[in-house]
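Peer 1: Got chain A sorted already, so can you dock chains B and C onto it with the hints?
Residue numbers (UniProt numbering), protein chains in the order written: chain A, 1 to 366; chain B, 1 to 308; chain C, 1 to 519.
Hints in this document: simulated from the structure, not taken from any laboratory. Possibly wrong hints are sitting among the right ones.
Claimed, not checked - Taking lysine-lysine and the BS3-like style, the derived pairs with C-alpha atoms no more than 30 Å apart in a straight line are:
#1 C:K216 to C:K10
#2 C:K310 to A:K240
#3 A:K240 to C:K374
#4 C:K329 to B:K287
#5 A:K217 to C:K383
#6 C:K329 to A:K243
#7 A:K243 to C:K376
#8 A:K240 to B:K293
#9 C:K301 to B:K287
#10 A:K217 to C:K376
Just so it is clear, the structure is predicted and the values come from calculations on it, not from any experiment.
Residue-level listing of the chains:
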Amino acid sequence: MMRLEARVQNSPFWTYFSPVLAVILTVITGFFLFAALGQPPVETLYIFFIEPISDWYGLTELIVKTIPILLCAYGLALCFRASIWNIGAEGQLLIGGICATAVAVQFVDSSSFLAMPLTIVAGMIGGMAWAGITAFMKLRLNTNETLVTIMMNYIALNVLLWSVHGPLKDPNGYNFPESALFGESTLLPILVEDTRLHLGLLFVLLAFAATWTFMSKTFAGFQIQVLGLDPSAAKMAGYKQHKLIAMVLLVSGALAGLAGASEVAGPIGQLVPQISPGFGYAAIIVAFLGRLHPVGITLAGLLMGLIYMGGEMAQIEAGLPNSITGIFQGLMLFYLLSCDVIIRYRVRLYRPKFLTPSKISAQIQE
Amino acid sequence: MDLDLITNILYATIRTGTPLLLVALGEMVCEKSGVLNLGQEGMMLLGAVAGFIAMYHCDSLFIGFAVAALTGVLISLLFGFIALNLNASQVATGLALTIFGTGLSAFLGADYEGKTVEALPELALGALKDIPLIGKPLFAQDAIVYFSWVLVVVVYLFFKHHRGGLAIRAAGENPEVGSSLGLPVMRIRYLAVMFGGACAGLAGGYLSMAYTPLWTENMTAGRGWIALALVVFASWRIERVMLGAYLFGFASIMHLVAQGLGLSIDSNLLAMLPYVATLVVLVMLSKDKERLKLFEPMSLAKPWHRNN
Amino acid sequence: MNKENRVMMKGMTKQYPGCKANDGINLNIKHKEIHALLGENGAGKSTLIKTLYGVVKPDQGEIFWNGRLVDIKDPAAARALGIGMVFQHFSLFETLTITENIALALGEQAGHPNTLARRIKETSERYGMPLSPERRVSSLSTGERQRVEIVRCLLLDIQLLILDEPTSVLTPQEVDQLFKTLRTLKKEGCSVLFISHKLHEVTDICDSATILRAGKVSGHCIPKEETPASIARMMVGDDTPISNETRRAEGSGVFLSVDNLSIKAEAMFDIPLKNINLTVKKGEIVGIAGVAGNGQEELLKALSGEETQKHGNSIKFAQQVVDGMSPLKRRRLGMALVPEDRLGRGAVPTMDLCENTLLTSFDHGLVNRGFLNKNKIVALADKIIAKYKVKTAGNHAHAASLSGGNLQKFIIGREVEQQPKFLLMSHPTWGVDIGAQVAIHKAILNLRDQGCAILIISEDLDELYKVSDRLGAICDGKLSPFLPTDELPLPQLGQWMAGDFADDDTQGVTPSPKGATHS
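Just chain A, with the same shape it has in the complex:
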């Protein structure tokens, strides 16, 4: 049996070690999962976690995969710190991609130096506007942001499907549900030759620096944390709650929109129905696994990117379904939530009374 005893103060050690433990447990579970599926577990784990990044190209691919996840996760971390349950990064990312495409297709044959920046800005504005709807609904209409952002995700997905079947469909595309391929001037420049590593990395670095500074050095960042930990205290102290909430939602929307724009103008190069394999949802896990801190998020984001690559690799080399990625994601979040119990409580394991030898002897003596 198990009993929880509240700690006097949260354990700082476990605050940082709990995510590591969660990852270790996920890998161990993976071991047994692969074994159960009749795969050689060690080898499959190698295929999943090591092989994808065993060479230079693999490493750059990892970063490419991680870029959209991190952009979403930094923004989400701001929201989660304010206890705003924005689950809508996925939808904001999709709308960002759509808006970016709407601009990009105007420049298919143009070599204007404005093409790329305008495309990116359009994506950011799109994502921000999409999150803005949530902000408006939360602050003016009192609706619960969790349900709103989820619904907005489904709506965004349908907008995407409608776009690629309708207004943004490539007129010369043999009726495939895709936009035209973007022009050279619209695509994000490649940073390292012979790889797909693109300018998005710079966006990530900027977002990393900005969120870190904001969270740990500014009063607004402090206010957001107070708001998240203790709304009554924020109110008592006189913080402007509406402005803070609107700010974190808009910033995270813009970052998710940027992620979407970077995908369509980066590795994909056009708008397709599957621009995101759930990056926006993965970013939620990354934000939590990274303890809502930019450094942790960056590490967690790389791990998440690796899981995506591992899933693809396992599909190719071991014939496992790609959906194993989703299982790992879910497991990791479960383990994290479970491990986090150690931060607040001491876990005492004890055997049920009737099994304790000392008790039995004590009773005999009586």
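Peer 2: Relative to the frame of chain A, chains B and C by itself:
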């Protein structure tokens, strides 16, 4: 618009609303005990795939639906352990459950993608089904639809007259007081969560074995989330849950209506309707924050752990 | 075994992480006696009685019930023995009716459900505290809720009734009624364990007393043979100063003025404020007494700006209308605020003392163009900790790790250091040990002498009489007149707390039936 069309729309509305009714009913009971389980979508998907696989191999609808409900219960126990025993955030645990359920169901169903089974047959109630207009919608449905009605009545009576219903409400209002009075709050909450799991599993099974009847990845398409909104919409009252489920069922078959009216609207746009309708409903309900609070279980989603 | 005792607890010990709540405590309660359990907050009273009622499991110790060794493993077992308990925080569900509450709490012991309502009515009337069983708890006053708790115990043939600080939520008149009920019970053969720290009540009604200090028994006495001072000495020990002299002041120049403030109830359980008129001068302390839930919270929020009225012009800070101003703007006009809830409103539990310093002191040089000046924040936190003698592991301790009294000293220190022109406080020494109480009162009086206008809303009449220069009461959202403290006798204040004061200018306001029933 002719009578036949209206009859068919009513019939389809009830069929489409049934899975929503089941999930929302389960979630309502769960929330009344003070537990918010955002994992409905994941539990539905797992119920759908497990039921489908069982049905596919055993060719027994009873086994199929039993497996679907049981899967829901089992997976809800995982939620219960993390959210209730380990005291993790209910919101985060529910999200994890949805992500996990989505992944696991896709994984389990990978070999069954796009396959079909024979749908749950309709069970016409004698001559009643020949009543014009309402005969077919009310008396020529399948067994699960009737079961959902029975369940509605049972849950209604349970909360109205049974001490257990009182205990669930008490656990949802103030677990601390409940525990100090000797109520087994943890057990009450677990049972409520498990009931929610069974309902969600059954609802998933309904989609894969009666409504479509086939398995595709992510086939619930947000119904679990819509059900969550439905519970709020219904202000935790069962008769309104039923009404809401059918309203949303109606919103989901608007393409049928549009066809009937001879309108041509892009199907992708029409597919947004249930989600947009959910948003509209949420906005309408939330205008009066205080009124909403009146009905919301007072300890909803607040972690609680008995200490000493 | 000694048959003379209803209950005998021997060597009760309970260790919690970080503190030994009970350390070898012995407690004897005789048949037909009202026994007082006295002690400061944190002395171990709650733990001891929770052990007796089966809520807390002791590490060591034996309990004898009517001379027989018993193992009380849960509240149901305690009830089965004949022990009833009324907690300080009521164990009632707001959304259920009185009957439903009692049915749920007593389970099988409630008897047949069809007759329960009738029995509730009969029992409540027999002991002079009538109740309507079909009413929802949310519609009951605090006093009525306590009656439900007591009736719930009396429905079971009990031999011992435990009351945890029962009078702290009652008006003086309601206290008298409660004491009548207790005397009736005693006459019928029931023992009563009465937990309190109000010494005059104890000398009034209790036959004997056990006094706890720091988890141990520090003395026994017959209250009628002692003076409040001698009992107090047993409670706090020899090294804590008890008395502090009170210096009254008059103040000059109005800082806060409230004219005809009326606010409708926002939520279901809110109390509407009716025609509030109030002034607080610079350099005076005004006290507002009242039983909880009579509009104190609403008044505090209206004054602090946590609830604003966009178009109002009733509240003025130094002649300036502030009705529509946010708490931030009001702070910038010189307001400081000490709310009732220390953890979760006055301080963020999981933030450290530096961060909690910044929480409200941000306007005092700690922030430079939006960036935090960490050195200054730490310096101010250290200053508050040192100057107000906050006992803590250091400036990096979380607020939640401090004891109530120390956290309150920190919060008050934080607000006082902002040199406010107007300090608004709610229950400043609620649940605080006497040592901290003295320190807090001293800080408040000093601030007043520097010319700050101070408004204290409290349920603790002793405290209000000690520090207030003028005193009044709030009942059902209405304010009584105010009188200089020394000219206001306690019985009159009690009547005001029960709503018995003339409404001079109630034009447009319907008189409340609730206020009338109390008088």
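Peer 1: Does each hint fit the structure? Answer for all of them.
Peer 2: Structure-based check of each hint:
1. C:K216 to C:K10: Holds, because 12 Å separates the two Cα atoms, which is no more than 30 Å.
2. C:K310 to A:K240: This hinted pair holds, its Cα atoms lying about 16 Å apart.
3. A:K240 to C:K374: At roughly 22 Å apart (the allowed maximum being 30 Å), K374 (chain C) and K240 (chain A) satisfy the hint.
4. C:K329 to B:K287: This hinted pair holds, its Cα atoms lying about 28 Å apart.
5. A:K217 to C:K383: Satisfied, since the Cα-Cα distance of roughly 22 Å is no more than 30 Å.
6. C:K329 to A:K243: Distance of about 15 Å is within 30 Å: holds.
7. A:K243 to C:K376: Measuring from Cα to Cα gives roughly 27 Å; hence the hint holds.
8. A:K240 to B:K293: holds, 23 Å
9. C:K301 to B:K287: holds, 22 Å
10. A:K217 to C:K376: Cα-Cα ~14 Å, so holds.
Hint violations for this structure: none, all hints satisfied.
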